[in-house]
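Could you put together the complete structure from these sequences and hints?
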Amino acid sequence: MNAQILSPLIIQILNGLAFSMLLFLLAAGLSVIFGMMDFINLAHGAFYMLGAYLGLTATQRLGNFWVALIVVPIIVAALGFALEKILLRPLYKRGHLDQVLLTFGLAFVVTDMIRWIWGADIRSVPQPPELTGAIPLGITAYPRYRGFVIVAGLVLAAALWAIQARTRIGAVIRAGVADKEMVGGLGINISLVFACVFAFGVGLAALSGVIAGPFLSLAPGMDAEQLILSLIVVVVGGMGTLKGAFWGSIVVGLADTFGKIYVPDFSLMVIFAIMAAILLVRPNGLFGRAVT
Amino acid sequence: MTDLLRVEHVERHFGGLRALNGVDLAVATRERLAVIGPNGAGKTTLFNVIAGELSPTSGRVLLGGEDVTRRRPDQRAVRGLGRTFQKNNLFLGLSVFENVRLAVQRRHGVSWNAFSPAASHRTVMAETTEQLDTVRLRDRAGATVRELSYGEQRQLEVAVALACRPRLLLLDEPTAGMSPAETVGMIDLVKGLPPDLTLLIIEHDMDVVFALADRIVVLHHGEVLAEGRPEEVRKNPRVMAVYLGTDVTASGLVGADGVKLADCHSLADLVGGPPIEGERGALGP
Amino acid sequence: MAILRDRELTDSAAVAPAAAGAAVGGAQTQSRASRRSTLVSGLTVLATLLVFPFVVPSVYLQNVITEVLIFGIFAMSLDLLIGYTGLVSFGHAAFFGVAAYTAAIVATRYSDNLLATLAAGVVAAGLLAVPTGGLAIRSSGIYFLMLTLAFSQIVYAAAWKWTWLTGGSNGLAGVPRPKFGGFDFSSPATFYYLVLVFFVATFLALRRLVSSPLGHSFIGVRENESRMQAIGYDVWRIKLASFVIAGLFGGLAGALFSYYNGFVSPHDVYWSVSGHVMIMVIIGGAGTLVGPVLGAAFFLIVQNVVSSQTDRWPLIMGLAFIFFVLAARRGIVGMYLDAVAVARAAARR
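Protein chains in written order, with our numbering: chain D, 1 to 292; chain F, 1 to 285; chain Z, 1 to 349.
Since the hints were derived computationally from the structure, they do not count as laboratory data.
Beta carbons are placed, not taken as given, at the ideal position from N, Cα and C, and that holds for glycine.
Take the hints with a grain of salt, since some may be wrong.
Have a look at the derived ranges for each label pair, beta carbon to beta carbon [as the list claims (entries may be wrong)]:
| # | chain 1 | residue 1 | chain 2 | residue 2 | range |
| --- | --- | --- | --- | --- | --- |
| 1 | D | L62 | Z | F52 | 54 to 60 Å |
| 2 | Z | L135 | D | T132 | 46 to 52 Å |
| 3 | Z | L135 | D | A165 | 34 to 40 Å |
| 4 | Z | A327 | D | P126 | 40 to 46 Å |
| 5 | Z | G181 | F | E66 | 56 to 62 Å |
| 6 | F | S116 | Z | S37 | 20 to 26 Å |
| 7 | D | A120 | Z | S187 | 33 to 39 Å |
| 8 | Z | V56 | D | A277 | 51 to 57 Å |
| 9 | D | H96 | Z | A47 | 42 to 48 Å |
| 10 | F | G15 | D | L62 | 54 to 60 Å |
| 11 | F | E66 | Z | A33 | 48 to 54 Å |
| 12 | Z | R312 | D | G138 | 51 to 57 Å |
Think about it this way: if two alpha-carbon atoms lie no more than 30 Å apart in a straight line, the pair counts; the simulated DSSO-like pairs of lysine-lysine are [what the hints assert, rightly or not]:
| # | chain 1 | residue 1 | chain 2 | residue 2 |
| --- | --- | --- | --- | --- |
| 13 | F | K191 | F | K235 |
| 14 | F | K87 | D | K93 |
| 15 | F | K191 | F | K87 |
| 16 | D | K260 | D | K243 |
| 17 | D | K85 | D | K243 |
| 18 | D | K260 | Z | K161 |
Partial chain F-side listing against chain Z, Cβ under 7 Å, derived [said to hold, decoys possible]:
| # | residue |
| --- | --- |
| 19 | D74 |
| 20 | N89 |
| 21 | G93 |
| 22 | A103 |
| 23 | Q105 |
Shown next, in the form of structure tokens:
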């Protein structure tokens, strides 16, 4: 194959991967919350959106994207911690459906507050000066910022894996996903763990939002679009597993990117068809455990 | 005599664990068979394979001569297999009457009727009331399951299964968690069941087993260790060894300190277990 | 509103004792007095709805109530799934939307006959419900929710992309009000009566359904699937029946909506529509038929009032919904029943 065919293909694969990494951060948060707390956080897209808009403001005010990248996820995580304590805590004794419904209501509140504060116009975050331009890749070149997204995503995936596999916190979370009563029995404050997990999950969503800022544009509706895709990711990959979130993101990110190029009229359908097909063969997703 | 239920060389593996390792079992029509065995012997797995909740790794299950190994639980129920559950498995938000009526209306084939009120099906209504009479729950008909005592819930558990008019009734620890008085009541209830109903009982409480069963099968490590009439099984040295280790008292299945076998989940219980009442209290609702 | 009291087999423990009180022996034999008061309140509500266009000449208000009735049908149909069968669907807009599009296509291209357009819409919704329901109910819980969402988003994508059929992002405009024989339902009042007829028919049909043996089978599945299997029910078929019936009535609402609005767009199939109708069901009170209608009324009337004052409707709706989930999970109907119970207890003392 010559470079003329190859280079657009490489670029599209890289674009797909960059998008996959954004999805991965979102889906990892969704998945860990589900794994630990057994409910789907339908406000996850709203926290992603909040991360993106706060990232915009922080970058503009502080003039530094990198500070925003650190500070914004922490702010959103703190918000998540508080919301878990105030709103979700009273619902522990009820079914998980109530928690899902509550986060659905929360999504309306958060997204409308964002629209109130930032307006409905399409906004974009300036790329950090260090990451403008392109990286030469021999036969072609690739935008530096997107390259950064891929690398950052892979690094974060590795870090998450290390936290899960190598640290005490990770061990508690793994144990909690497998058997909640056991964690309670170990003398660990389970409700604190829940609040921290929820905070961590929405913090990841916000991180995904900040990173997405200079790459995608900011507009009302971005939350729903990304939420649905990340829900598909966790369903395809399997609920409650990091591995599932990772490979699910790759599948969905690439399918979305290539679907938009080759069958633009049917790209959404391609993704849903892939999801339906995977669920028919593996009802709990690629790496999922049985859900009761 | 024809066997109503045949279990033919059933194996069931969970990963590397062989929960059932080639079990053969036959229950004759009108027979009352009890399956006993220590915890982990495979009783529950066997029960689930018979009822259709689990499919066996190999082997066959025949109901009335028909191979039902690949049939779903509801298909077996339609073919005359009724069951109760070890943990009460009722329609919690519904009334006692409604619990039983769901079973009765299914058997009368009116479950798909969407156009007439359920209360207008007089035969279903009458039979439901009658069924509640047989388990002495008629005066509780309007109460929801949540309002019942634990013992009443166990009775309802049986009533719902009976309302399907099964040929074969599987009773999964019918007296589990009951007080001694409630246990006596349950024994009376089961004894009073129509004689043409075939019973397969899993039970921990030996008093119950000896009061109800014509024949006993002892399961151990997923295999049939012994079978025979109650008095034969009671005297079988291999059975006693399994239950009591080597420390067998000649008086039968009662441990040296008077702890009944039924309440022993392991040898440790026999040696230093809590008193029976205490243990039941912990199990209670 | 004694109509609320007439609920058999539909409520969880909190309400059931009161309902079961009079029911020794034949749990459902309602007292004659209760039956009569149900009938009286039902007829009162019906009479009010019948004279409404004469008493209130405002076209705006007639339209609002028409919309409430249409969404009342839609919400009742979803409640058959959520409240009665225990299947939390997040894609009910698919049936609404498909019927709306089908009715609109038939009406704009072939015939504006009421029966032709309505039948086409409802049949299309049913035809969609059979395969999607058949697949979705293989899963349960959150996976069921996801699959129904996915199917409805596929319909959304189709509505968006199949421009030759659906008009794409422009939608289908100029959907006429239907005609039937010599009747023309183009004035707000006549159209209101047309919708009212379908609303009353739907309410009565679903009321009969939920008190029928099949309806009780739905409730049995909601309460305990494994026990239903053990007593010989094919749970998959019962769920499918519920799904398809819900789809058909959802389709009826969609077809009526396309005449009402005169315009159908991909937005009508979007997941937010599924979310809104679910909010109506929860706010009104799941597991009852009156609840979803009250929920629809609350939602649409408050939306109309709030939207005229401020742009912050989603925020207010979200907060209201959170309030109901946290503090009044049994919805408006539950609040009413609680209030009645408190009043009775106070009277007794």
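Satisfaction of hint between K161(Z) and K260(D), Cα-Cα up to 30 Å:
Cα-Cα ~12 Å, so holds.
Just tell me: holds or violated, for the beta carbon distance of R312(Z) and G138(D) against 51 to 57 Å?
For G138(D) against R312(Z), whose Cβ atoms are near 53 Å apart, the range 51 to 57 Å holds.
Taken at face value, is the distance from the CA of K93(D) to the CA of K87(F) at most 30 Å?
holds, 21 Å
Assuming the hint says 46 to 52 Å, is it satisfied by the Cβ distance from L135(Z) to T132(D) or not?
With Cβ atoms ~47 Å apart, the hint holds.
Straight-line Cα separation of K191(F) and K235(F) no greater than 30 Å?
Since the Cα atoms of K191(F) and K235(F) sit roughly 24 Å apart, the hinted pair holds (cutoff 30 Å).
Within 30 Å, alpha carbon to alpha carbon, are K191(F) and K87(F)?
holds, 21 Å
For the hint 33 to 39 Å, verify it against the beta carbon of A120(D) and that of S187(Z).
Roughly 36 Å apart at Cβ, these two residues keep to the hinted range, so it holds.
Falls inside 40 to 46 Å, the C-beta gap from A327(Z) to P126(D)?
Since A327(Z) and P126(D) have Cβ atoms about 44 Å apart, the given range 40 to 46 Å holds.
Checking one constraint from the list: CA of K260(D) to CA of K243(D), max 30 Å. Satisfied?
Roughly 26 Å separates the two Cα atoms, so the pair holds.
Do G181(Z) and E66(F) keep their Cβ atoms within the hinted range of 56 to 62 Å?
holds, 57 Å
Take the shortest C-beta to C-beta distance between N89(F) and chain Z; is it under 7 Å?
Status holds, d = 5 Å.
Is the distance from the Cβ of S116(F) to the Cβ of S37(Z) consistent with 20 to 26 Å?
holds, 23 Å
Of the numbered hints listed earlier, not one is contradicted by the structure.
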